[in-house]
Structures are given as structure tokens and as C-alpha cells.
Amino acid sequence: MDLDLMISSFPKLLNATLVTLKLLSISLMFGLILGLFFAILRLNKNIFLNKFSYFYSYIFRGTPLLLQIFIIYFGLGQLEFLRSSFLWIILKEPYWCAIIAFSLNTGAYTSEILRSAFETINKGFIEAGNSLGISKKIIFYKIQIPIAIRQSLPAYGNEIILMLKGTSLASTVTLMDLTGVAKYIISTTFKPIEVFIVAGGIYLFMTFIIHNFIRYLEKKYSY
Amino acid sequence: MDLLEFGNTGWGDELFFATLMTVAVSITAMILGFCFALIFTPLKLSKNKFLNFIGNSYTTIIRGVPELLVIYLLFFGGSGAVMFVASIFGYNKYIEINAFLTGSFAIGIISGAYSTEVFRGAIQSIDKGQFEASKVLGLKKPVHFFKVIMPQMLRLAVPNLSNVWQITLKDTSLISVTGLVEIMRQSYIAAGSTRDPLFFYSFAAVLYLLLTFLSMKLINKLEIKYRRGY
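Protein chains in written order, with my numbering: chain A, -12 to 210; chain B, -7 to 222.
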């Protein structure tokens, strides 16, 4: 066991953790918006919108995240009209490609979580709102959304942890996140176990924090 | 479509065999995962604090650390560990472990952690009377486990195991970083030599969707089989 290496690699890995956290928070933010949008589409009675949302989540949940990153990073650059458009400023950066892939991926899972939460809302709440003469908009924002958020907290907590692990794939498109730096140190020192313990410890610590934070929210918003 | 021709000019046969490789790795990993689960589920349910700690550490660490990191650990550390064991027995030459074995083992460990959680949940939701009844009847432990607990556990576990299968199938794409030629790696090679990544990665996506679709059909049949008697 090489303790010196573990101590000397710790600050480097901690620095890389910032990249991981940045990737995670930005992707989760976009993913939540996408998820809410597609969950609402999914509940729509219009067959076309409904199917569109279904295929979106089917495709992104049925293929590996690694493949999605590769399609966006390597694949989209092939399209001439994208290369000449303003989008190319974003798409040529591996950082944004990773974020786009992560957001679309977590958006698909989030839409399923929110959809099932919306579907399990007791119909009585909505009927009560209707009979009190509350407008549909207010019922949606003040009754359906808060209940759906509370219902989906445990599943969403899992999704955050899955996404945290998912950000490690950013290292495959040259980003130096926690896993990227860990791999770099492993391949220069050939001490996989020491590096794994430090990097794995940081990941476990983050998982622990997320887990407990979600638990706290669940308790706070329980009814 | 020329790109997908079978034979020397197209990538059809290569991708076909790569798909078989993905399926082979997934099945091997899933079975290895079951073996891990059979070891760690009793530990997790054990009343002994130390055994319990080992069981919980396994599932917590594997489910909390990125798959890629676990794969790097085994890929870079695997042959070192094997050589260390071999050197104890007096064999000092360089040993390279087969990429298929390391890959399946890595994915197997990951899949095993999820299977363990599924089995634990299933056993815990079996009616307590069943355990008490087999005790009262004086059944031997293996009979109790294989004839009383296992059939009920499987019936409860099959729906969740289908999720584990999906996760395992998608996780196999990660071992492409170690050089094993499965769908992901083969499309990477094809994309590199034809300079047509969009086509090959999209085709790979279709292959994965096909695999998940077909396996869902099969699992649904299994579920019906295990739901008998309800």
C-alpha cells in the first residue's frame, strides 16, 4: 500500500471532483426541465405528442449512455449543416457534448419518474380543486406539481446517484473529471488499488451526502 | 447500406459477431452476478454484525462508485493480482488475463450488487410463516432454502431482475474501454476506419434497442411462467 501516493493524489482528485460536480449539477438542471416537459407531453391525450415522448424515453433508456455521448461528440460533427451553424460553437466542445448527452439521458429517466408520480396522484385532489372552482392552471401548479415532486423524491434521489456515476463517462471524451484524473494517475503509476480507494471514497462520500439530503427532503415534505 | 455488407467489404459480419459478444458477456456477467448474489444475500440478511458489514459494504461500494472506475481497477489491477497469487505458487512469468474474462468479471461484480439487493428485498417480503413452518416441519437447511424459499423468492424477484438485466446489458458497453470487441468497440473501429461515426454509432444504438426489446419479450414470458399459481 502506497500511502504517499494516496496523500499526494488526493488534492488532484479533489480538484477533479469540482468538474464532476459541475457536470452533474448542470445536467440535472437541464434534465429536470426536459423531464418535466416530456412527462407533461406523455400525459397529453394527443397521440402524436404522447408517442413522441414515449419514443424519446424508450430510446434514451434503451441504449448505453456511453453510446449517446459518442453519437453526440463524434457523430454530430459529421453533419455539414451543423458544422457551419452557430451550434458548432457548442458541439465542438467535449464539455458541452457531455452535458447535452447527460441532460437528455437523465431527462428521459426523470420524465418516467415524474409521469408515474403524476399518474398516482389521488384523483380526489383534482376533483376537489375542480369543485372548488379553482382554475386548471392553479390546480396544476399548486396541487399536482407539489404532490408529484413529493411522490418522486425517492426515485429521483436514485436517479441523481445514477447520474453522478454517469458523469464518469465524460472521461471517455477527454474531460478530466474525477474518473478521468483517477485513470490518468493509475496509468502513470500503475497503482490501481490506492487510486481506487481515494477516488472511490470521494464518490461514496458524495453518494452519502446526496442520499441523506434526499432523505431529509422526504421527511420535510412528508404528509 | 454497402457499409453493412457481410464479408471483406462491409462491416455486417463484424457487427454481427460483436453483437453476439455483447450477449455472451451480458449472460456470463449476469450468471456471475447471481453467484455473487448467492454469497452476499445471506451475509446481508445475517444477524452476525461482521458478516452483515461485509454484505452491506459490497452493495454500498459497488452501487456508489462509477462502473468505469471498477472496470479500471480490475483491468489495471487484475493481472497484477493474478500474478501475485501465481508467484506464491512459484510461477513468475507475465500473465495476461483474457479481456473477455476480466470484462465479464467486472460487469458481473456490478450486476451482482444489484441482484443482491433484489434477492434481499424478495426474501424479506416472503411471509414469515413460511420460515416458521419449515422449521416446525424440521426441514433440513438445503431443502428449506431450495424447495421453500427459492421458488417464492424467484417469483418475487423476476420483475426486478429484468431491470438488473437491462442495466447489465448496457454496462457491457463500458468494457469497450478495455479493448474487448463488442458492439461499442466494433462501431468505434468501424467509425474510425470509414470516418462515418454517425452511421455506425446510430446503428449500434439500433442494435442495443433490438437487444433490450427482444430480452423484454423473453422476460415477459418468464414472468408469466413464475406468476403461475397467483
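Keep in mind that the hints were calculated from the coordinates and are not lab data.
Given the structure is predicted, the values throughout are model-derived calculations rather than measurements.
Note that beta-carbon positions come from the ideal geometry of N, C-alpha and C, so glycine has one too.
Incorrect hints may have been included.
[To be verified] Result set (DSS-like, lysine-lysine): computed pairs, CA atoms no more than 25 angstroms apart in a straight line:
id, chain 1, residue 1, chain 2, residue 2
1, A, K32, A, K124
2, A, K178, B, K85
3, A, K38, B, K209
[Stated by the list, open to error] Per the computed footprint, the stretches of chain B lying under chain A, defined by three or more beta-carbons under 8 angstroms from a beta-carbon of chain A, are:
id, region
4, 54 to 60
5, 193 to 204
How the hints compare with the structure:
A distance of roughly 17 angstroms separates the Cα atoms of A:K32 and A:K124; the hinted pair therefore holds under the 25 angstroms criterion. At roughly 20 angstroms between alpha-carbon atoms, A:K178 and B:K85 fall within 25 angstroms of each other, so this suggested pair holds. Restraint check: the Cα-Cα separation between A:K38 and B:K209 comes to about 20 angstroms, which is no more than 25 angstroms; the hinted pair holds. Given a C-beta distance limit of less than 8 angstroms, the hint that chain A covers the region 54 to 60 of chain B holds, as 6 residues qualify and 3 suffice.
Only residues whose C-beta sits within less than 8 angstroms of a C-beta in chain A count toward coverage, and the region 193 to 204 of chain B has 7 of them, enough to reach three; the restraint holds.
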